[in-house]
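Colleague: Residue strings, one per chain:
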Amino acid sequence: MMNRWDKEQSKSKRSPQTTRMPERAELVDALRCKLQEATEWPDPDYLRAVTSDVGKLLSSFSVPSACERNRNVSMGTEVDLEAKALYPEDAPMDMVPLSCQGQGNHLFEAASVSLLGDSSLSAELQVRTMVEMLLHKQYYLKGMIDSKIMLQAARFSLCTEESAARMDQLPMAILEAIFDADVKATCFPGTFSNMWHIYALASVLQRDVYSIYPMSNMKIRPYFNRIIRPRARAGSACQSQTLHVMWAGESLSRSVFRPQYFAPVVPVSTLHCPSSGEALPRNTLELLNMDPDISYSMLREKYSITKSTFYRWKRQSWEHRQKAATRYEAKQYLQQCFSAGSFLPLQQFRTRFPEVSRSTYYTWKHEMLLGAGVRVPGLDAGIPGANENQSPLSGGSENTESSKLHPRPGFPRPFNSQRSPSMQLVKSFLRNCVSLNMCPPYKSFRKTYPWISRSTYYNWRREAMTRVALGPKDSATGQIGNTLVGLGDLQLPSLYKSRAGSDLRSPFLPLCGSKSNPSPLQRTEREEAKRRVQKWRMPHSVFRVRYRTISSSTYFLWRRAAGHQGAGLRQQRREGAGLRACGETGVSLDRRQHLVAASTCLRSGMFSLLPAPAKTFNVTSLSKAEAKLFLQQRFESNTFPTFKEFSGFYPLTPRSTYYMWKRALINGMVLTDY
Amino acid sequence: AAHSMASATDARFGQKESSDQNFDYMFKILIIGNSSVGKTSFLFRYADDSFTPAFVSTVGIDFKVKTIYRNEKRIKLQIWDTAGQERYRTITTAYYRGAMGFILMYDITNEESFNAVQDWSTQIKTYSWDNAQVLLVGNKCDMEDERVVLGERGRQLAEHLGFEYFEASAKDNINVKQTFERLVDIICEKMSESLDAADPAVTGAKQGTQLNDQPAPPHQDCAC
Ligand SMILES: Nc1nc2c(ncn2[C@@H]2O[C@H](COP(=O)(O)OP(=O)(O)OP(=O)(O)O)[C@@H](O)[C@H]2O)c(=O)[nH]1
Ligand SMILES: [Mg+2]
Numbered sequence: 001m002m003n004r005w006d007k008e009q010s011k012s013k014r015s016p017q018t019t020r021m022p023e024r025a026e027l028v029d030a031l032r033c034k035l036q037e038a039t040e041w042p043d044p045d046y047l048r049a050v051t052s053d054v055g056k057l058l059s060s061f062s063v064p065s066a067c068e069r070n071r072n073v074s075m076g077t078e079v080d081l082e083a084k085a086l087y088p089e090d091a092p093m094d095m096v097p098l099s100c101q102g103q104g105n106h107l108f109e110a111a112s113v114s115l116l117g118d119s120s121l122s123a124e125l126q127v128r129t130m131v132e133m134l135l136h137k138q139y140y141l142k143g144m145i146d147s148k149i150m151l152q153a154a155r156f157s158l159c160t161e162e163s164a165a166r167m168d169q170l171p172m173a174i175l176e177a178i179f180d181a182d183v184k185a186t187c188f189p190g191t192f193s194n195m196w197h198i199y200a201l202a203s204v205l206q207r208d209v210y211s212i213y214p215m216s217n218m219k220i221r222p223y224f225n226r227i228i229r230p231r232a233r234a235g236s237a238c239q240s241q242t243l244h245v246m247w248a249g250e251s252l253s254r255s256v257f258r259p260q261y262f263a264p265v266v267p268v269s270t271l272h273c274p275s276s277g278e279a280l281p282r283n284t285l286e287l288l289n290m291d292p293d294i295s296y297s298m299l300r301e302k303y304s305i306t307k308s309t310f311y312r313w314k315r316q317s318w319e320h321r322q323k324a325a326t327r328y329e330a331k332q333y334l335q336q337c338f339s340a341g342s343f344l345p346l347q348q349f350r351t352r353f354p355e356v357s358r359s360t361y362y363t364w365k366h367e368m369l370l371g372a373g374v375r376v377p378g379l380d381a382g383i384p385g386a387n388e389n390q391s392p393l394s395g396g397s398e399n400t401e402s403s404k405l406h407p408r409p410g411f412p413r414p415f416n417s418q419r420s421p422s423m424q425l426v427k428s429f430l431r432n433c434v435s436l437n438m439c440p441p442y443k444s445f446r447k448t449y450p451w452i453s454r455s456t457y458y459n460w461r462r463e464a465m466t467r468v469a470l471g472p473k474d475s476a477t478g479q480i481g482n483t484l485v486g487l488g489d490l491q492l493p494s495l496y497k498s499r500a501g502s503d504l505r506s507p508f509l510p511l512c513g514s515k516s517n518p519s520p521l522q523r524t525e526r527e528e529a530k531r532r533v534q535k536w537r538m539p540h541s542v543f544r545v546r547y548r549t550i551s552s553s554t555y556f557l558w559r560r561a562a563g564h565q566g567a568g569l570r571q572q573r574r575e576g577a578g579l580r581a582c583g584e585t586g587v588s589l590d591r592r593q594h595l596v597a598a599s600t601c602l603r604s605g606m607f608s609l610l611p612a613p614a615k616t617f618n619v620t621s622l623s624k625a626e627a628k629l630f631l632q633q634r635f636e637s638n639t640f641p642t643f644k645e646f647s648g649f650y651p652l653t654p655r656s657t658y659y660m661w662k663r664a665l666i667n668g669m670v671l672t673d674y
Numbered sequence: 001a002a003h004s005m006a007s008a009t010d011a012r013f014g015q016k017e018s019s020d021q022n023f024d025y026m027f028k029i030l031i032i033g034n035s036s037v038g039k040t041s042f043l044f045r046y047a048d049d050s051f052t053p054a055f056v057s058t059v060g061i062d063f064k065v066k067t068i069y070r071n072e073k074r075i076k077l078q079i080w081d082t083a084g085q086e087r088y089r090t091i092t093t094a095y096y097r098g099a100m101g102f103i104l105m106y107d108i109t110n111e112e113s114f115n116a117v118q119d120w121s122t123q124i125k126t127y128s129w130d131n132a133q134v135l136l137v138g139n140k141c142d143m144e145d146e147r148v149v150l151g152e153r154g155r156q157l158a159e160h161l162g163f164e165y166f167e168a169s170a171k172d173n174i175n176v177k178q179t180f181e182r183l184v185d186i187i188c189e190k191m192s193e194s195l196d197a198a199d200p201a202v203t204g205a206k207q208g209t210q211l212n213d214q215p216a217p218p219h220q221d222c223a224c
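Taken in sequence, the protein lines are chains A and B. Residue numbers for the first sequence follow full-length UniProt numbering, so the first one is 1 and each next one is one higher. Residue numbers for the second sequence follow full-length UniProt numbering, so the first one is 1 and each next one is one higher.
In isolation and in its complexed conformation, chain A is listed as follows (with noise of 0.2 Å):
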């Protein structure tokens, strides 16, 4: 079995970029084995000795910073969308996290690739940080401006939600030798870094660190969101340069989150920088054009594109391919943060996508909003090429009638013309399209309300973005600066940003189903517990402590219920089994696609009818859909089939992609969301 370091390790060994310096990795492996070796000795000074002898080989070559290797972010390389669901708005906008892979909550992996773009770094920063620490450990404790700071966001880390209060009371003495120990562990793979290993980094760096730090834990956060000041920086002005890295991890409610890894963050710019080429994850099309042999259902197990896209592809030219590709990850990137529960911003989407036009973005996002099933009032008049969709300003009754009247194509004046509406519902439109962050630019806008000068819409506009940061209590946050952003890239409210949504609805914006149901949160945190009772078969005591809400009346109803059915996996397959046999009869819809959308709906807190089942059905997807589902449990809890026991299950899927997911999964990749 492979492990990442392993992979890690090779990887970097091969990369063009450490080639070059075969003899550091080397060596920093070297001194790693010293190091590890020194801690197995019961007196402290023989590590002290070692540590002081490999800092001092360390010191007689420096880091390598980005100004003296280009850095773009290596191929493959991933937006975090789980970390970018989570990323503050007082962080920089134009960056973004990064996913990256590594042993325990790798910070080091983080922060070489926010450095350079990869993680061939990370050993070496690994190691010296420990160098960091135990030479100067009295700096850290004692001597820095910031050292009170430190130690408090180490006993918070030290402690678990409910023993916050008590944790402060920590004495002086067990704090240092927790340090000690996690100083010891350093050299170590798979160690767990904390605040006090970020501040030894800076200095490691010789630059500031941004520790950015989701907006949760509020109580906590601004010991752990901070910039982190080297102990004494370099001359240079590319190492005083700014490196930042994200406490990412799960989100447990709207407040509380549970740090568990530290992700790269980058500029976006970065992620786009044309010599890289293959910076953007454009995974299909790289698939495409590695192995122009791949067939389309390899390629749709993958990504679930449609057979008429994937055709289409093939007989395309590169660049068409590459266009439409782009085009194609532009809009699944788009849909993913939105199911993530925010919107990309115009700017950022423009930066990372520039040859999709602005238009693009409006058509997308107002597709996905109505996708999900808000109703939009208004919204449809100020956005170019919207279409399809009824006029939302004339209301309920009258939806039919506009749209006759404006059957398609273009988008539908949200009035007729012989109405020419009050120019107060005009400004409640505008306001609604603000309130949405969907706000058309003066351009558009003038197409529609031709007799609205061009002050009355500035001012109007001007005055519904002042109500919106006023708005809302919660939604104030982050939005009373936005004012001066351009047009369009106001963040959305926060109905959009957090999954919790549900509670802080903008008055502008009815929700589909709203009221008597149970609120968004609730359901997907219900579904997600019920999933991890049933089918993961989680212990009733984990349960107890992750989810307080729910009783363990429930718990016990939910793991009989799952017990009748029989054990999570086998369940599975019956559901399977049972859907191919309904498939048959051509009744079922493609189950994946259904599971997809349903999640994409609670994610977004959205509720909204499936999109229409497929009628024709493909067994063979089905079938696929399920092995990998089975195979991703299977993996996820150790107990991985061999190919044998798999194609007892699944005879129809051939050795290779068995062995193709295999790979997948033991790289880290997932084959499907359940």
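Warning: the hint list may mix true and false statements.
[Unchecked claim] List of simulated lysine-lysine pairs, PhoX-like, C-alpha gap at most 25 Å:
(1) A:LYS34 - B:LYS73
(2) B:LYS64 - B:LYS177
(3) B:LYS73 - A:LYS535
(4) A:LYS535 - B:LYS190
(5) A:LYS34 - B:LYS125
(6) B:LYS64 - A:LYS34
(7) A:LYS137 - B:LYS64
(8) B:LYS125 - A:LYS530
(9) B:LYS64 - B:LYS125
[What the hints assert, rightly or not] One-sided and incomplete, this derived list gives chain A residues near chain B with beta-carbon spacing under 7 Å:
(10) CYS33
(11) THR39
(12) GLU40
(13) ALA177
(14) ILE178
(15) ALA181
(16) GLY190
(17) ASN638
FYI, nobody ran anything at the bench for these hints, they're computed from the structure. None of these values were measured; they are calculated from a predicted model. Virtual Cβ for every residue (Gly too), placed ideally from N, Cα, C.
Given chain A, put chain B with the ligands in place with the hints provided.
Modeller: Just chain B with the ligands now, with coordinates in the frame of chain A:
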């Protein structure tokens, strides 16, 4: 979730280092249990072959490293000794993540420490990764005269919790080495089960074009 899942999976399989490393696998192991049951003594006996009758209650947390050879493989054990005192309990749970094995200890002369086993077990289930292996150890079996927890009760509880069970003495060096070796074996067994499933794939499959080449996987080292 996928993210943390991936790293969790890695660590479960131990840390296979590249060949120039000083070990083949590294296992993180924690010793937990009430204060004064003998956790620190147990670790010192194992790592340094020493014992002191004086009681110095552990503050916070520390670890010792011991490299052992099983089946021609070098396995580095990173053994974390935790403070048993109630007031430190939440600190130590922060260190459960990434642990592949636990030694859950009670003192056979101390009823209370035995009664706490259930809670410790819950603690493991709550804060550690799935599949962490646990061994229940009744320590101080040299003090037969003062025994209050019969071996049978220990055995039953272990069975109930699904753990293996040992009686041991740090003082007289009874079953100390055996405990660690058994734990290592259990972890290895778990590992080779997964390897069994995983092995042919990685060597056999080169078709995943989008993926990077992998170095050859370790063999079933741990069929020990
Ligand atoms: N007779 C006897 N005494 C033991 C044995 N193991 C430990 N002790 C004694 O029990 C006392 C407590 O041992 P420690 O190892 O410090 O206990 P601990 O579990 O680490 O306690 P905390 O650090 O507070 O969690 C010491 O006085 C030890 O000498 C044993 O096997 N037999
Ligand atoms: Mg102790």
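Colleague: Are the hints correct? Go through all of them and say.
Modeller: Structure-based check of each hint:
{"no.": "1", "hint": "A:LYS34 - B:LYS73", "in the structure": "holds, 19 Å"}
{"no.": "2", "hint": "B:LYS64 - B:LYS177", "in the structure": "holds, 15 Å"}
{"no.": "3", "hint": "B:LYS73 - A:LYS535", "in the structure": "violated, 36 Å"}
{"no.": "4", "hint": "A:LYS535 - B:LYS190", "in the structure": "holds, 21 Å"}
{"no.": "5", "hint": "A:LYS34 - B:LYS125", "in the structure": "violated, 35 Å"}
{"no.": "6", "hint": "B:LYS64 - A:LYS34", "in the structure": "holds, 15 Å"}
{"no.": "7", "hint": "A:LYS137 - B:LYS64", "in the structure": "holds, 20 Å"}
{"no.": "8", "hint": "B:LYS125 - A:LYS530", "in the structure": "holds, 18 Å"}
{"no.": "9", "hint": "B:LYS64 - B:LYS125", "in the structure": "holds, 24 Å"}
{"no.": "10", "hint": "CYS33", "in the structure": "holds, 5 Å"}
{"no.": "11", "hint": "THR39", "in the structure": "holds, 5 Å"}
{"no.": "12", "hint": "GLU40", "in the structure": "holds, 5 Å"}
{"no.": "13", "hint": "ALA177", "in the structure": "holds, 4 Å"}
{"no.": "14", "hint": "ILE178", "in the structure": "holds, 5 Å"}
{"no.": "15", "hint": "ALA181", "in the structure": "holds, 5 Å"}
{"no.": "16", "hint": "GLY190", "in the structure": "holds, 5 Å"}
{"no.": "17", "hint": "ASN638", "in the structure": "holds, 6 Å"}
Checked against the numbered hints given earlier, this structure breaks hints 3 and 5; the rest are met.
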